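Q: If you're matching them up, the sequences are chains A and B in order. In the working numbering, each number is its position in the first sequence, counted from 1, plus 33. In the working numbering, each number is its position in the second sequence, counted from 1, plus 33.
Derived by calculation from the structure, the hints in this document are not laboratory data. Any given hint might turn out to be false.
Note that identical chains are pooled: a pair holds if it fits in a single copy or bridges any two copies.
[To be verified] Within a straight-line C-alpha distance of at most 20 Å, the following computed SDA-like cross-link-like pairs (lysine to any residue) qualify:
hint : residue 1 : residue 2
1    : 54        : 499
2    : 423       : 116
3    : 423       : 120
4    : 381       : 477
5    : 423       : 325
6    : 59        : 322
7    : 423       : 74
8    : 142       : 95
9    : 67        : 95
10   : 59        : 241
11   : 54        : 502
12   : 59        : 111
13   : 58        : 110
14   : 59        : 74
15   : 423       : 203
16   : 59        : 304
Since the model is a prediction, treat every value here as computed from it, not as a measurement.
Protein chains: 2
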Amino acid sequence: MEQFDIAIIGAGSGNMIINRKFADKKVAIIEADKFGGTCLNVGCIPTKMFVGSADAAQHVLGAERFNLSAQLNGVDWRGIVSRIFGRIDGNVAAAEQFRRDNDNVTVFKSHAHFVSDHVLELIDAGDEANSPAAVAEQRISADQIVIAAGGHAHIPDHLSQLPAVMDGSVVLHTSDDIMRIEQLPQRMVIIGSGFISAEFAHVFSSLGVEVTVVARADALLRRHDVAVSQQFTQCAVEQWDVRLNTTVIDIVATSDGARVVLSDGSAVECDSILVAAGRNPNTPGLGLHNTSIEIDEGGRVIVDEYQRTSAQGVWALGDISSHWQLKHVANHEARVVQHNLLNPQNLKAARHDAIPSGVFTSPQIATVGLTSAQAQELGLDVVESTVDYKEVAYGWALADPVGFCKVIVERSSGLIVGAHIVGAQATTLLQPIVQAMSFAVPAADLARGQYWIHPALTEVVENALLRVRL
Amino acid sequence: MEQFDIAIIGAGSGNMIINRKFADKKVAIIEADKFGGTCLNVGCIPTKMFVGSADAAQHVLGAERFNLSAQLNGVDWRGIVSRIFGRIDGNVAAAEQFRRDNDNVTVFKSHAHFVSDHVLELIDAGDEANSPAAVAEQRISADQIVIAAGGHAHIPDHLSQLPAVMDGSVVLHTSDDIMRIEQLPQRMVIIGSGFISAEFAHVFSSLGVEVTVVARADALLRRHDVAVSQQFTQCAVEQWDVRLNTTVIDIVATSDGARVVLSDGSAVECDSILVAAGRNPNTPGLGLHNTSIEIDEGGRVIVDEYQRTSAQGVWALGDISSHWQLKHVANHEARVVQHNLLNPQNLKAARHDAIPSGVFTSPQIATVGLTSAQAQELGLDVVESTVDYKEVAYGWALADPVGFCKVIVERSSGLIVGAHIVGAQATTLLQPIVQAMSFAVPAADLARGQYWIHPALTEVVENALLRVRL
């Protein structure tokens, strides 16, 4: 049995750990799928590139409010797909080749299955598709193991077990494959109300697909601040066919696609179905029952502030252990694990405060910290302030009727505890607030302690801060 | 002679000073032109709104790189003008009415002419155009006088004294009137190479006008960092007919416009000429020779850090006294004067560090602090770092080939001394750097002391900071 100093399961964020400082370590990197993980292959990066084309289409379609007459004549879907994945696949291949060229690293294109805390059974992934009988197996051991195996798109049982799905007459797409479909559908049903649903509804509708969004809840993006959820739901209703308080009770194959039968008695004909029901950690199949590694009720590997699991010498990071499911959080955790592997006597804790996130839909959304409801649950005494894009000059320039910046400030300290932005550039506009939260700069100092370009869009943030009355 | 506690000359930024805290003061506000000053009427705000339409047109014209086929069918220039000035003129009228409704404020629509340090002759501006002979005059005095009379577009003598200009057969437009022309010209010559030229070249060319830019210098935006100037000049050459190292030696009227004769022997036919040769302070005509108020060689009123002129009880702010000619600087100075008028025993100094500025052209530009050349002149030991938009995921999504973020960091302190961004959202992206400079956060802490959303465009800033090797 081959012995390694470090074994890393998953070549997404996990692949960031190994650098020159590990040159004297014998390292195994085990990846059953593609290098780059969810983010690069089926997540953040390709979706944002599709959003790039969607935003561009929206710019054409929205030209009239700028007193321009424009028309969108065509969408070259195959061109979009090939531009995006041409770039991404090249990066993925380069990342794998880079590792294969490292003298001290062995790359296993395998599934990893724990036999004990420090022994892994590797099940060859490369042969699965063609000759499952030929699956090769081997065991390795490692002093330190990093679990960075990520997550996967979740398809709820009530959908996966429908007869038409079971017999293959209806295909349920997820974010894993929807970006590589051969051609644009005419009509798509998206099941789900979270950020993945919001982003794909924007992408496909902007590119000309009739989109129906089916949401169990009474609003979209319900985990966001209520002001965001309300504004976004309103915008969604104006853009797409949105069915709130509704579930899918059946899907049947039709001659040219499928009929999705809903709990309100209606049905939607479509030729493509996307399930956007969240993502689950990739712990099943890892064999964690053979170890002392503990998981929580959601199936996530439990880690402490140093990213240590309950098994000595086993670490975890990213979507397999994090509630956040955000690449920038996984990257941070990877840096923490990197440091801690190199400095076992001087461990560094991961920092999980002031974590921003974005939803690249239409309109764009960015959020950090607490929602109003969370602040209330925590019993904080807070002051809220909201300024609309249409109240600042650059919002006039953008002719933006819906955008806003909301800040939530703790009265006693004057510190920002949450902020929520809807509208153009939201994910860029949020950064000064993230920075202030991270460096403990009070809202008033943030507003008046620096210049803000007039009349840049940043004035919507400046004015929201100025309007806070403690 | 009517006596006031405070007289404010100019209702641009000067109009911000008076609030409820001045309720017991008798105030005169003297404005010969429109309330709102340069920024609202002929500067930042309308130009950005025109840029809004220009950017929208560029989005249509650039759709192909997103694998979309789109076309721009028409530009409703009158619609643009009327949308923009409909909004602005309403705000201007409301601002004046608000002041007229203040019990303690008298509004004089007049030119102000100093007779002595504290006595002003008011020359009625309202009647000038129609019956100059009927000009009314009166004198007022005030204990405190604030000079906030702004600046005006400069037309160099070698242009204004050309025969065709003198006899009126050729009109030289400036930023004062070019936004209200009746219809879009076919061909426009823009004389100048600074930010006003850059913004209007973008506006008019995007809306379909053939634009020629005539620049005396060997590059556009030469006051910017050399990396910005070079990149922008390259982009300009690809978009417009740019004549560098060239001056206008004559302009002659033609049957359908004008012929602009250049120093290189060539000539450009056009039907509209815009002079964008900078702005000069409005000190001529103020009668400052009758006072102890000093001006510098550029005609600017000289002020100290408290915005005091050399005459006791006379203050100045904004473009009439500032090298910056930026609205956000004028606003800050107005707040300083406001404070100092109310707190004569506890004066506050204006802060003129880390002042950002933007050029809303194509591509957008934002800058703060020192250029490389300035850092070198000061003998600073600095490290520079540049990351291109195309190196980060959101740059891929934007399909942006030219954008970049450059940071200049002092080696000994690790503090950022300058930053320069070219590309989409530049003026928004710059803010975290402005903030770090204002709060003395070193580059390394700025990069790693907070989360940056992946994959938002902010990563271009994050990565530029991370690439700094001190």
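Q: Taking the hints in turn, state whether each one holds.
A: Against the structure, the hints:
1. 54 with 499: between (47 Å within a copy, 18 Å between copies)
2. 423 with 116: Between copies only: 14 Å across chains, 36 Å inside a chain, cut-off 20 Å.
3. 423 with 120: So residue 423 and residue 120 pass the 20 Å test across copies only (12 Å; inside, 38 Å).
4. 381 with 477: between (32 Å within a copy, 17 Å between copies)
5. 423 with 325: neither (56 Å within a copy, 45 Å between copies)
6. 59 with 322: Result: close neither inside a copy nor across copies, 27 Å intra and 82 Å inter.
7. 423 with 74: between (37 Å within a copy, 18 Å between copies)
8. 142 with 95: For residue 142 and residue 95, the Cα distance exceeds 20 Å both inside one copy (47 Å) and across copies (41 Å).
9. 67 with 95: Classified as neither: same-chain Cα gap 38 Å, cross-chain 33 Å, threshold 20 Å.
10. 59 with 241: This pair counts as neither: shortest intra-copy Cα distance 51 Å, inter-copy 62 Å.
11. 54 with 502: Classified as between: cross-chain Cα gap 17 Å, same-chain 50 Å, threshold 20 Å.
12. 59 with 111: Neither: 43 Å inside a chain and 71 Å across chains, both beyond 20 Å.
13. 58 with 110: neither (46 Å within a copy, 67 Å between copies)
14. 59 with 74: neither (27 Å within a copy, 68 Å between copies)
15. 423 with 203: neither (45 Å within a copy, 39 Å between copies)
16. 59 with 304: neither (50 Å within a copy, 73 Å between copies)
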